[in-house]
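For the record, the sequence lines run as chains A and B. Positions 1 to 115 (my numbering) are the ones given, in order, by the first sequence. Positions 1 to 114 (my numbering) are the ones given, in order, by the second sequence.
Treat the hints loosely; a few may be bogus.
Residues from chain A that face chain B, not an exhaustive set, calculated with beta carbons under 8 Å [as the list claims (entries may be wrong)]: (1) 41; (2) 48; (3) 65; (4) 95; (5) 98; (6) 108.
Simulated from the structure, these hints should not be mistaken for laboratory data. These numbers were taken from a predicted model, which means no experiment stands behind them. The beta carbon of each residue, even a glycine, is placed where N, CA and C say it ideally should be.
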Amino acid sequence: NAGVTQTPKFQVLKTGQSMTLQCAQDMNHEYMSWYRQDPGMGLRLIHYSVGAGITDQGEVPNGYNVSRSTTEDFPLRLLSAAPSQTSVYFCASSPSGALGWDTQYFGPGTRLTVL
Amino acid sequence: AQSVTQLDSQVPVFEEAPVELRCNYSSSVSVYLFWYVQYPNQGLQLLLKYLSGSTLVESINGFEAEFNKSQTSFHLRKPSVHISDTAEYFCAVSEGTGANNLFFGTGTRLTVIP
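Isolated chain B (complex conformation) (with noise of 0.2 Å):
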């Protein structure tokens, strides 16, 4: 059975340093990996998706995530941080292609202080 796992459930971080948001998942078969953000007061929207190719995805905000097939990891990345960026941000993962598998982590609270 498939299980995605964000360790870090608040990051505060200063503006303009990098971030790194740690997602790791358990599967056994091939998986689509996705992070979403969720700004507050606001419905979930997707960050970015790894569904096969390069394993280094990028946001067209400036987030990018690479998958480790060893490590079974996602992890997601930012070189430098804005205060917009101040979101909750999910990882899930899916062994198949029907959004009904799709299974998402507890979430990471990132708080970017000015």
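With the rest of the complex left out, here is chain A (with noise of 0.2 Å):
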């Protein structure tokens, strides 16, 4: 199992330019989440899924949409980025999203830059 992938890696955007990070799960888990992490800040999340066609927003949506239309994959878009989406970006998954039992699996991440 290849776990939790995200492409790209490290990406530099301008401002007003659009862009998806990628995001793919092999575990067959129904929640998906993206969170952002900035320097002296904890990680925050950003939309998450509790299975295909549905999602939510979470505590700092603006700026980003998502999609699940399938269980495998959860792509974040960036319609127009800024400067203040500069950030390292994490996917995690889980089975069910509870977290009494079950266990996030979180990805490498993906380094944003935006000039």
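Take the two lone chains, each set in its own frame, and fit them into one complex as the hints suggest.
Here it is, written out as structure tokens:
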């Protein structure tokens, strides 16, 4: 099993450009989520999904879109990148999203710089 | 509202010395508590968690954490650290059972000095 994979590893964008961060898992997990990690701050939840076709907003959803057409994939879209979106982005998955008995598995991250 | 405070952003410690990484939280209800570890250039991994029952929880690599309700703390300790323990450690708290309710602290970078 590859676990949770993210592409690309690094990306530099100009302000106003759009792009999609890819996330895939091969563990048949229902729950997937996106976090951003900024210096001096903990991970913050952007969006999450409890299954194919179902998504919801987290703590910091503005400027980001998600969709979940398959169980395996959960892409994160930046429609018009801003310097404030410079961050490290982590995708995570777990069987059901229940913290009591599930373990969340994190991808290796995508480091995004917006100029 | 829940929040997590990790007062120490960096903790240097010599190899084989003990270490304590501090975590305090604020919440008005019962919580679940977690410690995650992030090795260089990797994603986070669950180290240990407290859900209920015994207030002392242990990980497979020698770390332990104790839930102290009166002090709203969940400090992480290891009696003797190794070079391989060098990493960033995140404390996290959840008031509910869903992963979407998980809030992370700002992290503590543990550096083990040979």
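Hint numbers not upheld by this structure, sorted from lowest to highest: Checked against the structure, the hints that fail are numbers 3 and 4, while the rest are satisfied.
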